[in-house]
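Novice: Spelled out from the first residue to the last, the chains are:
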Amino acid sequence: MSVLVDSGTKLVVSGLTGREGSFHGMNNRRYGTDLVAGVTPGKGGQDVEGVPVFDTVHEAVAETGANTSMIFVPPRFAADAILEAADAGIELVVCITEGIPVHDMLRVYTHLRRGPTRLIGPNCPGILSPGKANVGIIPAHFFSEGNVGLVSRSGTLTYQIGNELAQRGFGNSSIVGIGGDPVQGSSFIEIIDLFQADPQTELIVMCGEIGGEDEERAAEHVAEHVDKPVVAYIAGFTAPPGKTMGHAGAIISGSKGTAQAKAEALEAKGVRVGRTPTEVAEIAAEIAGATV
Amino acid sequence: MDLLEYQGKQLFRAHGVPVPDGRPAATVEEAVEAADELGYPVVVKAQVLIGGRGKAGGIKVAGDRSEVEAHAGAILGMDIRGLTVHELYVERASEIAEEYYAAILLDRTAKKPMAMLSRMGGMDVEEIAATDPNAIVRIHVDPLLGFSDFHGRRLAFEAGIAGDVVRPVSVVLAKLYEAFAEEDAVLVEVNPLLVTADREVVALDAKMTVDGNALYRHPDTATFRDVSAEDPQERMAKERGLTFVKLDGDIGILGNGAGLVMSTLDVVAQAGGHPANFLDAGGGSKAEAIVDAVEVILSNRNVRAVLFNIFGGITRCDEVARGLVTAFGQLDVKVPFVVRLDGTNDEEGRRILAEANLPNVTVEKTMDGAAARVVELARSAEAVS
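Chains as they are written, first to last, in the working numbering: chain S, 3 to 294; chain P, 439 to 823.
Don't take each hint at face value.
[Unchecked claim] With the Cβ distance kept under 8 Å, some of the chain P side facing chain S (calculated, not the full set):
| id | residue |
| --- | --- |
| 1 | L544 |
| 2 | R546 |
| 3 | A619 |
| 4 | D622 |
| 5 | V624 |
| 6 | A652 |
| 7 | H656 |
| 8 | V683 |
| 9 | L685 |
| 10 | D688 |
| 11 | G697 |
| 12 | L698 |
| 13 | D718 |
| 14 | F749 |
| 15 | T782 |
For the record, the hints were derived by calculation from the structure and aren't laboratory data.
Glycine included, each C-beta is placed from N, C-alpha and C at the ideal position.
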């Protein structure tokens, strides 16, 4: 098992004819992901390396049975592309695009909550279930199948931590990048719940950063609803207040959203927090030796 | 992007939020001219993006022309908590009967806009919360439905404001929400929201933060960006399309990906070092971007050593290595570099660096090892200087 994407994933890529969309879409296909369609308005009838392109997501779903969408369109068109995918009945939308206006995301998030579609991202590296499917831009060759579920707000930091884990012999059930924006489709709690329910996952690693309160809320949730071991990492202990640290969501507002507060909230609920990516892997190894 | 008071008030006016009449001024002469047009008394206000202007002496009432001259002269060029005052706002003075607090902001946790009102204005919102947590009323607004009249009524009645201004305050709140939504703001704060002696409701201050990702929809707001107030190094980085934040230490940092760079700063700090900057060269960093980045990092004279921490995913380590070799060819590099290359094409990257045999460049395999090494190098450079 794994979460969100697997061999049953039938992927449609909005923006497949663009440079980034075709590069990563084809990468995902080479990994074994069932890439069934692309969508670019006005380019219906064309194909990208044999993958049919449609004018609308509705048409792509009707023709190919696509159930998962990856969004690779520029920020000003991305909210519309997410809404289109949801309207076409897609169950899972993964939005890679960075720089979507936050008011667009407020409307999209509020709308999606009222229906069955789940959104991952935006501003995220996507989802990898090693050995099964890759939807996004995660460099899959670093990761093998295993029992660690990894959820993160950051891309490269995920690779760093995943790699440290790999060096200690861990593989992954799934790696889920939830994105660095202030308003994300899914937050830690929802992904941790998926890992809790997933039989393959025996250990959960969450990788947070400054800004917002999602890590604090996850700490409360883990204490009440999760019995699998959880190890955490928080980036941004040295970040000054009021400065956006790369990710739109990585900002300490006044005294809120500090790494210190997040680490303390997690530790108060019994979640061990590694102070460096290496330490996260060491803690994981220690826990796995004892319980897994 | 944070807006200055007078810029926020310009947007307030456009959405019908009442504000006192005022004019921006960049010189004493302009301030006097503005005051003469407005009529006395006026308030001369420093325009800087930081709180506590009043306490620092940056807001003064002037009863006549000579007082405007004196205050404008004193405030222009003044340092307010590290920021120099380049601009003033001259405004008609108001007679204060009541001071309230009003705000519309993005509540990230609820993922909804939140409207706030308190009858205890004039002090910092965190101070209000500390004095009397019940004095702040908060209501979430559905972004798809927008602000209804009942939101305004609930806020006004529950905050316990004066009965005769419940209606006008509710109207102002609805207009503030309109400004928040239509200007793509993440924060609109009015403190104080004033009731004048004539029982008129006006926004005496305006604090507004707009979403930089939405500026393409607001070309006029985009021109508000004040490049003269920006740190020159941060400006240089922005012009080159680099994500950069200046810090106060002596170790220059470059990495790829925001999370990894934040983590690098932390690991360097844990090793006893002090980072001089945050610099995310981005996913897929190309050689030219690396040359630009090195130039930006070294433009800070405090930098004694530099750490490159790259975990190649989309970014290829050989590209980064080529960029570094090019940078050393183009720039006069005097400080030591520690380079950690891991991930995509890391062996090729390390081979390129070994062949180039750059002076003062150490290659490390791990992040922790690289951090320890750069801290050591910065310390020995400090001992020498």
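Novice: State the violated hints by number, sorted upward, taking the hints as numbered earlier in the document.
Specialist: 7 and 10
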